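Chain A is fixed; fit chain B onto it per the hints.
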Amino acid sequence: MEYLLTTNALTKQYGRLKACNAVDMHLRQGEIYGFIGKNGSGKTTFMKMICGLSRPTSGTITLFGCTGKELQRQNVFARIGALIEVPGIYGSMTAKDNLKMKCLACGVSKIDKYCEELLELVSLTKFADKHAGGFSLGMRQRLGIAMALVGEPELLVLDEPTNGLDPQGIADMRRILRQLCEEKGMTILISSHILEELSKVATCYGILNEGQLLMELTHAELMDKCSDRLCITTEQIERAAAVLGEMGIRNFRTADNRTLHVFERHEEVCEINRRLVMADIPVAGIVLSQTSVEEFFFSVTGGGNGR
Amino acid sequence: MMNVLRMECFRMRKSFSTWIILAVYVCLYALAGGVMGLLTGDSGISLAFRTELFGAADEGVTDFAELFNSCMMGNTLVLITSVFLGMHTTAHTVTGFQKNLAGVKRKSYFVFSDLCICLLFNCILLLLGMAVLRAVILVTHATVTLSSMFHLLRYCGVYLLLSTAYGMLPVLTAALTRSRIAAIAVPVVYCTMGGNLLYMILNYFAGSVLGLEGCSVESYAPYGNICSLLFNASAEECTRAAVSAVIFILVCICISVHAGRKRDAA
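These protein sequence lines map, in sequence, to chains A and B. Under the working numbering, residue 307 is the last one in the first sequence; the count climbs by one each step, no gaps. Under the working numbering, residue 266 is the last one in the second sequence; the count climbs by one each step, no gaps.
Chain A on its own, in the form it takes in the complex (with noise of 0.2 angstroms):
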């Protein structure tokens, strides 16, 4: 599949401070794509540069196949709706006059029924003519997704669009997001630091650690490495892998020269012990592992040590 958006060594400086060092991202066509980081991580820097928003201090942007000056030049940054940070809105106008507003710059026909339909999927029809400075911060976060979905973007960049919603609106999120990218093909990248949330609707992730980027993987094998599992410790590690082979077990892994992962049928981790030990092979160690996302996410930041 063809990548949608990439960035090669993208880095963005502030006086001494690289809020973006040297970032590789790759993004494909119809992924939901969860960038995870900590405040101040990078993340925002980041969807800033790619919404054209900011100026990259160095590094390349591909966006829809076109890079440098052709993005400007083809008007790339028109395909995208972004919500960053705060939602942009005006609070002395109705909630439908801010999504006329950006209806009229991009030229939007048909303009009441647009927004009503807008304002309908974001939940936010009973409030369409009430002054958005009065509306509480999960009202102002519908509002800046609905505004962000003006033009029918093809890329939808949300930078914490959780921020402030109560759980039926997080759960309303979450199927706005699978609805957008499974019936209209939308792109979607979206940060968070709530992890298991996130997890919850990403297909692929890139870890943001003090603007850089660790790692990108997909939702399979963030759940891979996130699953519970039995870690046994032998040097013996080819005769252990016979012997759990022998007892029925296929779901186990190699994770290094002394180390095997088995992924199913934890509840018998005294019968495999003793299976182990009848074959003659010295077990070091065997202990049932349970890795939440948040525990990965430490582990690969090095961070947590709060908790």
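Since the hints were made in silico from the structure, they are not lab data. Hints may contain errors.
[Stated by the list, open to error] Facing chain A, from chain B, some residues (calculated, C-beta under 10 angstroms):
| # | residue |
| --- | --- |
| 1 | F10 |
| 2 | S17 |
| 3 | T95 |
| 4 | V104 |
| 5 | R240 |
From a predicted model like this one, the values you see are computed outputs, not experimental measurements. Note that the Cβ used here is the ideal one computed from N, Cα and C, for glycine as well.
For chain B alone, kept in the frame of chain A given last:
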């Protein structure tokens, strides 16, 4: 470009500040016009007092263009324009709405749309000013005539250019500083005191250092012309004022567009 302009016109129409500023303008104008109307009308105020105020008063009959001119020569319109444009041009930055507009092809569209909004707003102010003045004249039963429609239209045309040029000052300040306070304060200070001080300094510099005795910088600056332009000014004066306004507008556009291109969104 037209999409941005349509959006900005919609915003102008929908924003509270536009209506509040227009209401303040109408009140000020009605007050100023009312005082003048009373003084020129059949109000029982002595002819001597009227003469003292207006210089010449032919038994209470006043030229509408002169009356309009004396209202325009004050700072009211440029102050109102400065405040409005200062608020309007920085609103996208202050609210963060500019983050929704990354898809607009050229940043220069916003500067050009600001220019159009400035022109439109000044047209509204001029027409509103005339309408309020006319209404006040009717209410106060002042005896007013119109000596020359041509002069009045020419004056309005040149004044429109000058006030639009002045309105580009907050746009320029906003592009350079991105501060709403600065975008309002700089033109307000300029038209209340700063402009005259600046002209004095520049004239002194031109006379003492460059040897250009009798140099009058204000004759080539929009605000200087706003203060001094008379409704029956000569064609040469009008041309000079119009050309200086156009040059000022072009300079403001060039610098604002350049500054906008260089900057990231806040």
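Status of the hints after comparison with the structure:
{"no.": "1", "hint": "F10", "verdict": "6 angstroms, holds"}
{"no.": "2", "hint": "S17", "verdict": "8 angstroms, holds"}
{"no.": "3", "hint": "T95", "verdict": "5 angstroms, holds"}
{"no.": "4", "hint": "V104", "verdict": "6 angstroms, holds"}
{"no.": "5", "hint": "R240", "verdict": "39 angstroms, violated"}
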